[in-house]
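Trainee: Mind docking chains H and E on chain W? Use the hints.
Each chain, written out:
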Amino acid sequence: MRVTNVEDGRVLCADVEVMTDLVGEVAPGDELLVHAGVALVRLS
Amino acid sequence: MTTEEHALAMIERVRAKPLRFRDERVTMAHGAGGKATQALVEGLLAPAFGMNELADAAAIDGLALTTDSFVVRPIRFPGGSIGELAVNGTVNDLAVAGARPLALTLSLVLEEGLGAQDLRAEVEAIARAAESADVQVVAGDTKVVERGRCDSMYICTTGLGRVDPRARLSPSALRSGDRVIVSGSVGEHGTAIMLARGEFELAAEIESDTQPLWRAVDALLDAAGSELRCIRDATRGGVASVLNELARASGVAVVVREAAVPVHPAVAGACEILGIDPMYVANEGRLVAFVSPEAVDDALAALTSVPGCEHAAEIGEVKTEPPGLVLVETAFGGRRVMDMLVGDPLPRIC
Amino acid sequence: MRFVDEFRDAELGRVLAAEIVSTVEPGRHYKLMEVCGGHTHTIYKYGVDDLLPENVELVHGPGCPVCVIPMGRVDDGIAVAHEDGVVFTCFGDMMRVPGSRGTLLEAKAEGADIRMVYSPLDALRIARETPEREVVFFAVGFETTAPSTALTLLRARAEGIRNFTVFCNHVTIVPPLRALLESPDLRLDGFIGPGHVSTVVGARPFEFIPADYDKPIVISGFEPLDLLQAVHMILVQLRDGRCEVENQYKRVVPYDGNPQALRVLAEVFELRPHFEWRGLGFISHSGLRLSDAFASYDAERRFAVPGVRVADPKACQCGEVLKGVIRPWECKVFGTACTPERPIGTCMVSSEGACAAYYNFGRFAREREAV
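Chains as they are written, first to last, in numbering that gives the first Met the number 0: chain W, 0 to 43; chain H, 0 to 349; chain E, 0 to 370.
Just chain W, same shape as in the assembly:
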């Protein structure tokens, strides 16, 4: 999934909140492998 915005410490991919604790800092435009609401790998 692609990160669309980061606000108040929450990461959103097209309105779906994704937990990014396992992949570190992300910025809008980053591509993530997401499973059950958690980003497991940064793809880009």
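Misleading hints may appear alongside valid ones.
[Stated by the list, open to error] Taking lysine-lysine pairs in the DSS-like style, the calculated list, with each CA pair at most 27 Å apart, reads:
id : chain 1 : residue 1 : chain 2 : residue 2
1  : E       : K214      : E       : K331
2  : E       : K331      : E       : K313
3  : E       : K331      : H       : K16
4  : H       : K16       : H       : K318
5  : E       : K214      : E       : K249
6  : E       : K313      : H       : K16
[What the hints assert, rightly or not] A few chain W residues that don't get close to chain E, going by computed Cβ distances all over 12 Å:
id : residue
7  : T3
8  : N4
9  : A26
[To be verified] Per label pair, the in silico range of CB-to-CB distance:
id : chain 1 : residue 1 : chain 2 : residue 2 : range
10 : H       : E309      : E       : R341      : 38 to 48 Å
11 : H       : L43       : E       : E158      : 40 to 50 Å
12 : H       : A265      : E       : E128      : 55 to 65 Å
13 : H       : A258      : E       : R161      : 50 to 60 Å
14 : W       : D20       : E       : R238      : 39 to 49 Å
15 : E       : E128      : H       : L101      : 22 to 32 Å
16 : E       : G110      : H       : E3        : 36 to 46 Å
17 : W       : E16       : E       : D83       : 28 to 38 Å
18 : E       : R341      : H       : D150      : 27 to 37 Å
19 : E       : K249      : H       : R174      : 15 to 25 Å
20 : E       : K249      : H       : Q116      : 55 to 65 Å
21 : E       : S295      : H       : R127      : 49 to 59 Å
22 : H       : G268      : E       : G110      : 32 to 42 Å
23 : E       : E368      : H       : A258      : 50 to 60 Å
None of these hints come from the bench; they were simulated from the model.
Heads up, the beta-carbon is just placed ideally off N, CA and C, and yes, glycines get one too.
Mentor: The following block gives chains H and E in isolation, referenced to the frame of chain W:
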């Protein structure tokens, strides 16, 4: 016969039996338009009323009669509202039976506390849709139930139409070699509703495709006449369910070329995330037509010039084997079965 | 409908298929097992094995975590769902898994408040929004989904949310593989390694397969081309007499996995001494439960769970299917007494179960040529 062939033959014997209604309770699966719905209809309703042919509309003395109820939640969604669906849904059941819609009756069940503004909005939507579909609302009924007993409103419409003399439509008309056409991109209505419910916190620019289809049917009848074998509107359960019903009813096989099926990229994306195949997602303004190979080019040309059907496409073909089944040729070069839905489309985990 | 990519993939697919044919030893039969529900799904959705020669057989192992949940645990879940004030949440696939007296979907029809969610975060949100209800999340999945449950619990604790518990049925991937390899009725030539589990655990935990059991394993991605390439890589190993862990999914899977994820798992979960797998019996140290630090979030401690062990119906052969010993159609009740709408066993319920996948997609596959 190998073990596999034997097992498959056994399965087909079991599947060929008329479906029986054996559940202890009604579940949401019975409303999804797939196997459970079919079991309810074939196993309980049809035998109770002595109905032999289960079509979208009944033909009586040159007239066609059909009915439908609408319980969509939320009542307003991108691309339309319950009122619009209530008109188009019934008009389309008449249209795909080859009948020009004449009149509708309208039954409203309203929830105590429904705002007058919302009620007015739906009544106007119904009026606008009826005008757009060139059909008259001639009679109706209104009931009110206590707060909480229905979601804002439920609507039931019954439609009367006149069977067009050009129409020679029936599942038994399907022949090996016939082509399958869909009148536009698939999966939009159901996806729009799922997103509008807000349960999935996903947002995308997807609108319901609700529209009246008599003009499309008229164009097809004009272009193909008796070479037009059968038409269905692909509502609950999507295009896949309609193809399965027809394959089963007529004992033929339908082979679909996956790459040829039009799907809006936003719908494909949302369905991918939700783990659902767009072929199983409800439409409200799409028809599936079976046409002889000789007439398919004319039929497509006529269809694509009807507003709303610009993306009509040929998506597959009728074959004799394996009877009663729908197969998909994947873009990758493989093949798979596209069976009837079981219950509601449930997404995968892991 | 689909994009230019898919046609290019089909071209490359044919090229790979030809290379596979030239790598295969004529007359030899190869049995390769995949152990990932996502792989089962891709294989059937795209008809990947239609492109393989007949003597390369793909077998489906216990890669679907829904498929291995014993009936007794489903009964336990239903019992909790019927408790006063409970909102019971689960993934979609769990709704139709049969317990001994019905499914969660049927319990919902009977009046239990059971809701489908896509992630445990959805369940936590319900707990946050309805503090007067007890929200329970039925957690299933391998190490792929366990981090999601773990992070949700960490959040619940950080926010001080008290009305949220987890009914934990997470399992780990290595023990069942070991149990499979120890099994006398199994003859396999190699493994296609799970793609998503390995993003968490890495490729390293699978080293025991070549080391102790002399079978090659290639971790694969989820595109049909990935799977074909992984199959090719296994066949090349076999041809060249090599036996090692290879990573076809390098673009996503790091050899050492995700250390942060493993730390989080270690903090929130501990291994149960043993856990029952449907069809495979009890396997030691294969299931997760919440650690003592998270006891107050453990549904099994908050609610009285019947915990009755229910034997599989006699007719059910899910165990043999899960081990890849029999093909779905070889099960005596396949397609007749056990169908997707009336499943006896879990292999027929989950869309990633081998039986459901074969029944729903794989029947009438193309004819294949033997090499």
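Trainee: Does each hint fit the structure? Answer for all of them.
Mentor: We went through each hint and held it up to the structure:
For the suggested pair E:K214 and E:K331, the alpha carbons sit about 31 Å apart, so the restraint of at most 27 Å is broken. Distance check on the hinted pair: E:K331 and E:K313 sit about 11 Å apart at the alpha-carbon level, within 27 Å; holds. Annotation: proposed proximity of E:K331 to H:K16 holds, straight-line Cα distance about 19 Å (limit 27 Å). As the CA atoms of H:K16 and H:K318 are separated by approximately 21 Å, the hinted pair is consistent with the 27 Å bound.
Between E:K214 and E:K249 the CA atoms are separated by roughly 20 Å; this keeps the pair inside 27 Å, and the hint holds. A hinted pair counts as satisfied when its Cα atoms are at most 27 Å apart, and E:K313 with H:K16 qualifies at roughly 26 Å. Every CB of chain E lies more than 12 Å from the CB of W:T3, the least distance being 17 Å, so the non-interface label holds. Distance to chain E confirms W:N4 as a non-interface residue, since its nearest Cβ pair spans about 17 Å, more than 12 Å.
Against chain E, the non-interface label of W:A26 holds: every CB pair exceeds 12 Å, the least being about 19 Å. Roughly 43 Å separates the CB atoms of H:E309 and E:R341, a value that falls within the hinted 38 to 48 Å. Taken as a hint, the range 40 to 50 Å holds for the pair H:L43 and E:E158, whose Cβ atoms sit roughly 49 Å apart. Between H:A265 and E:E128, the C-beta spacing of about 28 Å breaks the proposed range 55 to 65 Å.
As the Cβ distance of H:A258 to E:R161 is approximately 52 Å, the hint placing it in 50 to 60 Å holds. Between W:D20 and E:R238, the C-beta spacing of about 43 Å keeps the proposed range 39 to 49 Å intact. For the hinted restraint 22 to 32 Å between E:E128 and H:L101, the CB-CB distance of approximately 49 Å leaves it violated. Between E:G110 and H:E3 the beta carbons are some 43 Å apart, a value that agrees with the proposed interval 36 to 46 Å.
Distance hint for W:E16 and E:D83: a CB-CB separation of about 30 Å, consistent with the stated range 28 to 38 Å. Taken as a hint, the range 27 to 37 Å holds for the pair E:R341 and H:D150, whose Cβ atoms sit roughly 31 Å apart. Between E:K249 and H:R174 the C-beta distance comes to about 51 Å, which lies outside the given range of 15 to 25 Å. A hinted range of 55 to 65 Å for the beta carbons of E:K249 and H:Q116 is consistent with their spacing of about 59 Å.
Distance hint check for E:S295 and H:R127: the Cβ-Cβ separation is about 56 Å, which falls inside the suggested range of 49 to 59 Å. For the pair H:G268 and E:G110, the beta carbons lie near 36 Å from each other, so the given range of 32 to 42 Å is met. In this structure, E:E368 and H:A258 break the distance hint of 50 to 60 Å, their C-beta atoms being roughly 24 Å apart.
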